[in-house]
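S.K.: Take a look at the letters that make up each chain.
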Amino acid sequence: MTAQQDIKADTWTVAGRTFTSRLIVGTGKYKSFEENAAAVEASGAEIVTVAVRRVNIADPNQPMLTDFIDPKKITYLPNTAGCFTADEAIRTLRLAREAGGWNLVKLEVLGEAKTLYPDMRETLRATEQLVKERFEPMVYCVDDPIAAKQLEEAGAVAIMPLGAPIGSGLGIQNRVTIRLVVEGANVPVLVDAGVGTASDAAVAMELGCDGVLMNTAIAEAKEPVLMARAMKAAVEAGRLAYLSGRMGQRKYADPSSPLAGLI
Amino acid sequence: MVETVQETVRVRVNGEPKSVSAGLTIAGLLTEIGISPKKVAVERNLEIVPRATLDSVRVEDGDSFEIVHFVGGG
Numbered sequence: 510m511t512a513q514q515d516i517k518a519d520t521w522t523v524a525g526r527t528f529t530s531r532l533i534v535g536t537g538k539y540k541s542f543e544e545n546a547a548a549v550e551a552s553g554a555e556i557v558t559v560a561v562r563r564v565n566i567a568d569p570n571q572p573m574l575t576d577f578i579d580p581k582k583i584t585y586l587p588n589t590a591g592c593f594t595a596d597e598a599i600r601t602l603r604l605a606r607e608a609g610g611w612n613l614v615k616l617e618v619l620g621e622a623k624t625l626y627p628d629m630r631e632t633l634r635a636t637e638q639l640v641k642e643r644f645e646p647m648v649y650c651v652d653d654p655i656a657a658k659q660l661e662e663a664g665a666v667a668i669m670p671l672g673a674p675i676g677s678g679l680g681i682q683n684r685v686t687i688r689l690v691v692e693g694a695n696v697p698v699l700v701d702a703g704v705g706t707a708s709d710a711a712v713a714m715e716l717g718c719d720g721v722l723m724n725t726a727i728a729e730a731k732e733p734v735l736m737a738r739a740m741k742a743a744v745e746a747g748r749l750a751y752l753s754g755r756m757g758q759r760k761y762a763d764p765s766s767p768l769a770g771l772i
Numbered sequence: 049m050v051e052t053v054q055e056t057v058r059v060r061v062n063g064e065p066k067s068v069s070a071g072l073t074i075a076g077l078l079t080e081i082g083i084s085p086k087k088v089a090v091e092r093n094l095e096i097v098p099r100a101t102l103d104s105v106r107v108e109d110g111d112s113f114e115i116v117h118f119v120g121g122g
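For the protein sequence lines, the chains are A and B, in the order given.
Mapping of the first sequence onto the working numbering: residues 510 to 772, in sequence order.
Mapping of the second sequence onto the working numbering: residues 49 to 122, in sequence order.
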């Protein structure tokens, strides 16, 4: 089997839906819809996150995201970005479900504007309510294995811990806690937020995450389409490295050439 | 005598006050604003209006609507 076939066969499943690409990309901050669509294409992503906002009733005929990224081909994952309470997030997702017609959503309930850290008390409350209403929430959360467990028990279909603050590009700040979340979870774990460049995405995958979600790292690169390609390659490389089982680390050198037969 | 002045109702749409013809359905309201009902979701007085009922629910005086769609986001 070639490496390419290996990647193809290596799927992941969330709430009964199976995907090949382990990279989810956002659709915010792009210069144009054209560039956004080209970056999605280059990333190989099968899921994109989208926000829910008021239609501009003064000019309702402006181009729409759906004209450029076809929701029939790419799964739209509506988010609750900008919501600071459970009630706002639930209200937003009820509208999203009506607009899109599906239950798979991304929940994020923010605690403060400065760090955009999640408010876990409100996040847990929103998760419980959404599950009662038959939503399937993928949940943005802190990199805390206990909080992750509580979300899973509440019915989260995926756990999405931050690697670093949203939009910061700082990379995975605590590999130990991300790994603990991965080891404790029975649902997919995706690093959501904090990735800045390809190696950060590879780190997340080497830790055993099922996927990575990113927006700014691609959208704010000088060449977003090229960075989208880099991220696709990094997620695949990190995944293959994780599956291959990396070598142990040693304190000192170990020669690669045989010592026997030296002249 | 025939009433010639068309009756209107006052509503709010996405936070903006608006006068619209009385008796419109929500689908009619969307069309009047120039929005395709297929691409949006509608909330009326904080309650979701199911897509299947856009053609039958009538706009009432004092209603407050939120009309949303998907935009780029992370």
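Be a bit skeptical, because a hint or two may be false.
Pairs of lysine-lysine residues, derived as DSSO-like cross-links and limited to a Cα-Cα distance of at most 30 Å, are as follows [stated by the list, open to error]: (1) A:Lys-540 to B:Lys-87; (2) A:Lys-540 to A:Lys-623; (3) B:Lys-66 to B:Lys-87; (4) B:Lys-66 to A:Lys-582; (5) A:Lys-538 to A:Lys-581; (6) A:Lys-760 to A:Lys-538; (7) A:Lys-623 to A:Lys-760; (8) A:Lys-731 to A:Lys-760; (9) A:Lys-581 to B:Lys-86; (10) A:Lys-731 to A:Lys-538; (11) A:Lys-623 to A:Lys-582; (12) B:Lys-87 to A:Lys-658; (13) A:Lys-582 to A:Lys-731; (14) B:Lys-86 to B:Lys-66; (15) A:Lys-582 to A:Lys-760; (16) A:Lys-581 to A:Lys-741; (17) B:Lys-87 to A:Lys-641; (18) B:Lys-86 to A:Lys-540; (19) A:Lys-658 to A:Lys-641; (20) A:Lys-623 to A:Lys-581; (21) A:Lys-623 to B:Lys-87; (22) A:Lys-658 to A:Lys-623; (23) B:Lys-66 to A:Lys-581; (24) B:Lys-86 to A:Lys-641; (25) B:Lys-86 to A:Lys-623; (26) A:Lys-658 to A:Lys-741; (27) A:Lys-540 to A:Lys-741.
To be clear, the hints were calculated from the coordinates, so they are not data collected in a lab.
Remember, predicted model here, so these are calculated numbers, not experimental data.
S.K.: So, for every hint listed, does it hold in this structure?
M.R.: Hint check:
| no. | hint | in the structure |
| --- | --- | --- |
| 1 | A:Lys-540 to B:Lys-87 | 23 Å, holds |
| 2 | A:Lys-540 to A:Lys-623 | 24 Å, holds |
| 3 | B:Lys-66 to B:Lys-87 | 21 Å, holds |
| 4 | B:Lys-66 to A:Lys-582 | 37 Å, violated |
| 5 | A:Lys-538 to A:Lys-581 | 23 Å, holds |
| 6 | A:Lys-760 to A:Lys-538 | 44 Å, violated |
| 7 | A:Lys-623 to A:Lys-760 | 40 Å, violated |
| 8 | A:Lys-731 to A:Lys-760 | 39 Å, violated |
| 9 | A:Lys-581 to B:Lys-86 | 14 Å, holds |
| 10 | A:Lys-731 to A:Lys-538 | 12 Å, holds |
| 11 | A:Lys-623 to A:Lys-582 | 35 Å, violated |
| 12 | B:Lys-87 to A:Lys-658 | 37 Å, violated |
| 13 | A:Lys-582 to A:Lys-731 | 27 Å, holds |
| 14 | B:Lys-86 to B:Lys-66 | 22 Å, holds |
| 15 | A:Lys-582 to A:Lys-760 | 49 Å, violated |
| 16 | A:Lys-581 to A:Lys-741 | 22 Å, holds |
| 17 | B:Lys-87 to A:Lys-641 | 26 Å, holds |
| 18 | B:Lys-86 to A:Lys-540 | 26 Å, holds |
| 19 | A:Lys-658 to A:Lys-641 | 18 Å, holds |
| 20 | A:Lys-623 to A:Lys-581 | 36 Å, violated |
| 21 | A:Lys-623 to B:Lys-87 | 33 Å, violated |
| 22 | A:Lys-658 to A:Lys-623 | 26 Å, holds |
| 23 | B:Lys-66 to A:Lys-581 | 34 Å, violated |
| 24 | B:Lys-86 to A:Lys-641 | 27 Å, holds |
| 25 | B:Lys-86 to A:Lys-623 | 37 Å, violated |
| 26 | A:Lys-658 to A:Lys-741 | 29 Å, holds |
| 27 | A:Lys-540 to A:Lys-741 | 21 Å, holds |
The structure is inconsistent with the numbered hints 4, 6, 7, 8, 11, 12, 15, 20, 21, 23 and 25, although it conforms to all the rest.
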